[in-house]
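Peer 1: Take the given structure of chain A and dock chain B to it, following the hints.
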Amino acid sequence: MIEWSVITDSLPQYASGLWLTAQLTVLSLAAGLMMAIPLSVMRISRKRLVAGPVWAFTYFFRGTPMLVQLLLIYYGLGQFEWIQGQWQADNTFWLIFREPYGCALVTFTLNTCAYTTEILAGALRTTPHGEIEAAQACGMSRVTMLRRILIPGALRRALPAYSNEAIFMLHGTAIASTVTLMDLTGAARNAYSQHFAPFEAFIFAGLLYLTLTFALVGLFRLAERRYLAHLQPRKAIKGPTT
Amino acid sequence: MLHGYAASLLDGAWLTFQVAVLSLVLALTLGLAGASAKLSKLRLLRAPAVAYTTIVRGIPDLVMMLLVFYGGQMLINIATDALEWDYVDVNPFVAGVATLGFIFGAYFTETFRGAFLAVPAGQLEAGAAYGMSRWQIFSRILFPQMLRHALPGLGNNWQVMQKSTALVSIIGLSDITWLADQAGRSTHQPFLFYAVVCAFYLAMTALSSVVFNHLERRYSVGVRRSAA
Numbered sequence: 001m002i003e004w005s006v007i008t009d010s011l012p013q014y015a016s017g018l019w020l021t022a023q024l025t026v027l028s029l030a031a032g033l034m035m036a037i038p039l040s041v042m043r044i045s046r047k048r049l050v051a052g053p054v055w056a057f058t059y060f061f062r063g064t065p066m067l068v069q070l071l072l073i074y075y076g077l078g079q080f081e082w083i084q085g086q087w088q089a090d091n092t093f094w095l096i097f098r099e100p101y102g103c104a105l106v107t108f109t110l111n112t113c114a115y116t117t118e119i120l121a122g123a124l125r126t127t128p129h130g131e132i133e134a135a136q137a138c139g140m141s142r143v144t145m146l147r148r149i150l151i152p153g154a155l156r157r158a159l160p161a162y163s164n165e166a167i168f169m170l171h172g173t174a175i176a177s178t179v180t181l182m183d184l185t186g187a188a189r190n191a192y193s194q195h196f197a198p199f200e201a202f203i204f205a206g207l208l209y210l211t212l213t214f215a216l217v218g219l220f221r222l223a224e225r226r227y228l229a230h231l232q233p234r235k236a237i238k239g240p241t242t
Numbered sequence: 001m002l003h004g005y006a007a008s009l010l011d012g013a014w015l016t017f018q019v020a021v022l023s024l025v026l027a028l029t030l031g032l033a034g035a036s037a038k039l040s041k042l043r044l045l046r047a048p049a050v051a052y053t054t055i056v057r058g059i060p061d062l063v064m065m066l067l068v069f070y071g072g073q074m075l076i077n078i079a080t081d082a083l084e085w086d087y088v089d090v091n092p093f094v095a096g097v098a099t100l101g102f103i104f105g106a107y108f109t110e111t112f113r114g115a116f117l118a119v120p121a122g123q124l125e126a127g128a129a130y131g132m133s134r135w136q137i138f139s140r141i142l143f144p145q146m147l148r149h150a151l152p153g154l155g156n157n158w159q160v161m162q163k164s165t166a167l168v169s170i171i172g173l174s175d176i177t178w179l180a181d182q183a184g185r186s187t188h189q190p191f192l193f194y195a196v197v198c199a200f201y202l203a204m205t206a207l208s209s210v211v212f213n214h215l216e217r218r219y220s221v222g223v224r225r226s227a228a
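Which chain is which? The protein sequence lines are A and B, in order. Numbering-wise, the numbering used here puts 194 at position 194 of the first sequence, and it's gapless, one number per residue. Numbering-wise, the numbering used here puts 83 at position 83 of the second sequence, and it's gapless, one number per residue.
Just chain A, with the same shape it has in the complex (with noise of 0.2 Å):
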């Protein structure tokens, strides 16, 4: 019953399609988690005007669905004239906003990175209130405390939370497919609609798609043995005792 032409035929585009998931994915998490670095530590400022720009930032990308954000950004910004003057001026910086995979990159980057930002702040604001006595303690300057203490025990109380968060980016990227980019999705639409044999075409995609769930998972896992040692259960000991 299988049809594993369609498979074998679209193989290539199967390829290229994961590899452009892959991208999309890694680069976006990356650049997103880079952003969102300081923007967690405004967050949890006390002074409105520093955390509250940050709000309504995470707000905005956490509350209307990446679909939407990315065909405002992708078929949105065209509508201004302005904008078209920059891209008549083969301005660098507003030509990405002409192509899909700019546009896909900036829309995935901006909501991973409010996602990021929120489960950061969550993190800074359960620190411990003796590791913070304890850097006062020694005399450390607020910016030393922030690098030395603050961030990196945030990072590792995230750590759980942001591996459910990159799974939602690699299964986000599906939505690149509708504005004409070849990734994984549209691989297997395109295998789709030269066969028209749903089963087959989408079927592969998922179990490709499972394949990088679980690799996902278990980078994820791996990094919470390493950076989370200090919470696994203790092994017992083996070999003789004294």
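These aren't lab readings, by the way, just hints derived from the structure by calculation. The beta carbon of each residue, even a glycine, is placed where N, CA and C say it ideally should be. Take the hints with a grain of salt, since some may be wrong.
Here are the computed distance ranges between Cβ atoms for each label pair [as the list claims (entries may be wrong)]:
id	chain 1	residue 1	chain 2	residue 2	range
1	B	ARG218	A	ARG98	44 to 52 Å
2	A	THR180	B	ALA121	54 to 62 Å
3	A	ALA56	B	ALA126	44 to 52 Å
4	A	THR126	B	ARG217	20 to 28 Å
5	B	VAL160	A	LEU27	21 to 29 Å
Peer 2: Relative to chain A, chain B alone:
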């Protein structure tokens, strides 16, 4: 207002709301059934539930939706051909609700499973000691207590689910996102219309968090909050 598209967008908003609520009902049902199966002593029930939650949570919702929409159409075509019936179109509304319900049922399964496990076994034993029937223990002790533990997780899943409803526009359902797309093309003001869609989703998610906060407070009556 909105170049005459306000009424059409309102229709789309109503449709999106219907999709969200109906999929929520389906997902809650599947979630309760899935959690019961996963907690069952019978391996025959546990194994499919584990497969369900693992596979569904490992695949993007869009891929799942395309599979159900196009694959469902193919299955129906095969069935109607075999029975020599007339051609039947898969309704994108049904396909959208079915897929969203099916996907989020897997997430709700995990939420409910954790919540059931969080109810102290001593309370259930106390119920049995009072001579309550199994149904009485379930409806008076297990279910209300479980709901309190489940509510934060349910709230989170519901927030994610509402935003996933935008995907039904891809399979051709005229929800608010699809209508905004059409309006944006014909008026050459896509930004304006997508911004309206964003405002709609923000309003819906904000309203939901008010409702869920209220529910959480209601179901935590009599539970001491930690000082932190």
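Peer 1: Against this structure, judge whether each hint is valid.
Peer 2: Verification of the supplied hints:
Range check, ARG218 (chain B) to ARG98 (chain A): about 51 Å between beta-carbon atoms, so the 44 to 52 Å window is met. Remark: the range hint 54 to 62 Å for THR180 (chain A) to ALA121 (chain B) is upheld by a beta-carbon distance near 55 Å. About 49 Å separates the C-beta atoms of ALA56 (chain A) and ALA126 (chain B), a value consistent with the hinted range of 44 to 52 Å. Evaluation of the 20 to 28 Å hint for THR126 (chain A) and ARG217 (chain B) yields a pass: the beta carbon distance comes to about 22 Å.
Against the hinted window of 21 to 29 Å, the Cβ-Cβ separation of VAL160 (chain B) and LEU27 (chain A) comes to about 23 Å, which satisfies the hint.
The structure is consistent with each of the numbered hints, conforming to all of them.
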